[in-house]
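Protein chains: 2
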Amino acid sequence: MTNLKNDLILKALKGETVSRPPVWMMRQAGRYLPDYIKLREKYDFFTRVQTPELACEITLQPVDQVGVDAAILFSDILVIPQAMGLTVLLEEGKGPMLPDVIKTKADIDALNSTEVENSLSYVYKALGLIKSELNGRVPLIGFAGAPWTLLCYMVEGKGSKTFDKAKQFCFTEPELAHSLLQKITDITILYLKAQVAAGADLVQVFDSWSGMLSPADFKLFAEPYLIQISDAVCGDAPVILFPKGSWYALPDLSKSSAAGIGIDWSITPALARSMTNNSITLQGNFDPSKLLAPIPQIKKEVKEMIDAFGVNRYIANLGHGIMPNVPVDHARAFVDAVKEYQG
Amino acid sequence: MTNLKNDLILKALKGETVSRPPVWMMRQAGRYLPDYIKLREKYDFFTRVQTPELACEITLQPVDQVGVDAAILFSDILVIPQAMGLTVLLEEGKGPMLPDVIKTKADIDALNSTEVENSLSYVYKALGLIKSELNGRVPLIGFAGAPWTLLCYMVEGKGSKTFDKAKQFCFTEPELAHSLLQKITDITILYLKAQVAAGADLVQVFDSWSGMLSPADFKLFAEPYLIQISDAVCGDAPVILFPKGSWYALPDLSKSSAAGIGIDWSITPALARSMTNNSITLQGNFDPSKLLAPIPQIKKEVKEMIDAFGVNRYIANLGHGIMPNVPVDHARAFVDAVKEYQG
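Residue numbers (my numbering), protein chains in the order written: chain A, 139 to 481; chain B, 139 to 481.
There may be inaccurate statements among the hints.
Computed footprint of chain B on chain A; a stretch qualifies when at least three of its residues, placed anywhere within it, have a C-beta under 8 Å from a C-beta of chain B [what the hints assert, rightly or not]: (1) 303-313; (2) 398-409; (3) 424-438.
Calculated lysine-lysine pairs in the DSS-like style (CA-CA distance at most 27 Å, straight line) [to be verified]: (4) K303(A) - K232(B); (5) K477(B) - K296(A); (6) K299(B) - K303(A).
Hint data in this document are derived by calculation from the structure and do not stem from the laboratory. Predicted, not measured: the structure shown is a model, and the values here were computed from it. All C-beta atoms in this analysis are idealised placements derived from N, C-alpha and C, irrespective of residue type, glycine included.
Given only the sequences and the hints, what does the whole structure look like? Please build it.
Structure, rendered in structure tokens:
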């Protein structure tokens, strides 16, 4: 194993004392970076994702150019539905499309649940290459989509404001829904363990649409699968769970095997600390739109955010992905403000 | 004034004891009703809104056909930007479009802030007609969009997942943003008072996009204007504030002059009661997607919802608008379950 020159994020996840919080940004390898745009003009999305050299180059861009404290694999949560046998279309400027939506038991039975070794080998190759190129500069984050969020896409067939088809499926066919969620969970556990074996130092599970669920339905359709994944993977590497919009789940998840919980900007740091009894590392929660504010204001509000969370058991991040229209120097100001933090 | 045969919602807002909670549904006069669809095929959106006889007919449909305990004026929150002088396009199946977006002080200065008597007279005529047709059967709800939500549309020019242009405007030009918010607030107060004078028994203010804001930004850009409106109108009629997604504002708003607060399904009834210190009437919060569940499940979950909120100081409703794909008998099952409630 490479010795890490910067292991701030791993220390934060262990609850060790740090001189300042680590910082990275969700979607940091993405469309706000001009060098990413250049690659996007030459290669389509799945070429970028499935070519280890391209995925590696894109993953390293924000490390080199913005100075974040962790790299996160350039990939997409929908590689799992794809590996399970579904067609996934990702055209630029449009949301994802999955033309073969899941409706019946036969549809679920037809999905692969274990074939991650071959069909996702490009991910593991990319991770190995990134790990080698990083040469210990910063830790490498692997990731997957949460089962509920993947079910949303697999049943709805596309993005949605309400995911009401996906919810209708869960409410009217709960047994089928649970069998699909379990199948996604099983393959995700294998996938994340393989990512760690290939070089990921920690992993994050993105439950991007969990906030669509009421607290009661989150406990039925999202939480058990997040916990299963965390329990299965936490022995291999620290796990961060990010159930976007599900602030109400903080007490439960803070008692889980996860090392960290991601939160969005709809909850104050103080309340998030109180709901988690100060017992777990929190990650977040800068409003991504605020990166469009003037740089002095970004720096001021980052300082206030760290003051509120505290330096330890904290990973500075946005509350959701960075937006394409953010100027690079604003992204850098966010990162710099964390690095310059004086309590 | 007509004597109301059913004044359950007014009793609930006063905190008086009721035999069962009142029930209505946001967007109850809308696309899930076949008779509404028939009118939609004959008349475009603004013809339906601006013709008092059509607005009246549509407003009464859910009272007659679904049995709700209150009528709500058929209209749209964007009639205010329209009355202020902006072009508003509402084509079927598309979101709203406002081609003349607000960017500068001159744009704001050019907006009307008081001309509600003439340009919105069709609303007051509709309210009078509805009031007369209702003949005291149930109370009539007037409404307006909240200043923050209207600013979102006026600056962004259309719907958005993030309203980042609107937020950028607030973050980079806060003085301009506040002058726009104040101008919207002033006209909204006149508008709601005129609605009450024309027959509305209570009014609701819809802050549909307040949940996009962090708690700190909500306090800057949304809350002061909601409070101003409530303070100015509460002497005329009870005011319900519905800041969707802003569960964090419950403690503050429960101490305001509002008679009720609407909540969505992301918060449990128990926590909402606790955050408001049991001191205010709450309205909500059934997940609209759950109306796609089988009828016995709808009825079971409605009963659980009322058990959790309690019968008094409570208005049964959805947590957001009813969706077009809900079968009418499912909507009716929701209403019936409230009416059949036995504690």
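Comparing the hints with the structure gives:
| no. | hint | in the structure |
| --- | --- | --- |
| 1 | 303-313 | holds (count 4) |
| 2 | 398-409 | holds (count 5) |
| 3 | 424-438 | holds (count 8) |
| 4 | K303(A) - K232(B) | 20 Å, holds |
| 5 | K477(B) - K296(A) | 37 Å, violated |
| 6 | K299(B) - K303(A) | 19 Å, holds |
The structure fails to meet hint 5 from the earlier list, while all remaining hints are met.
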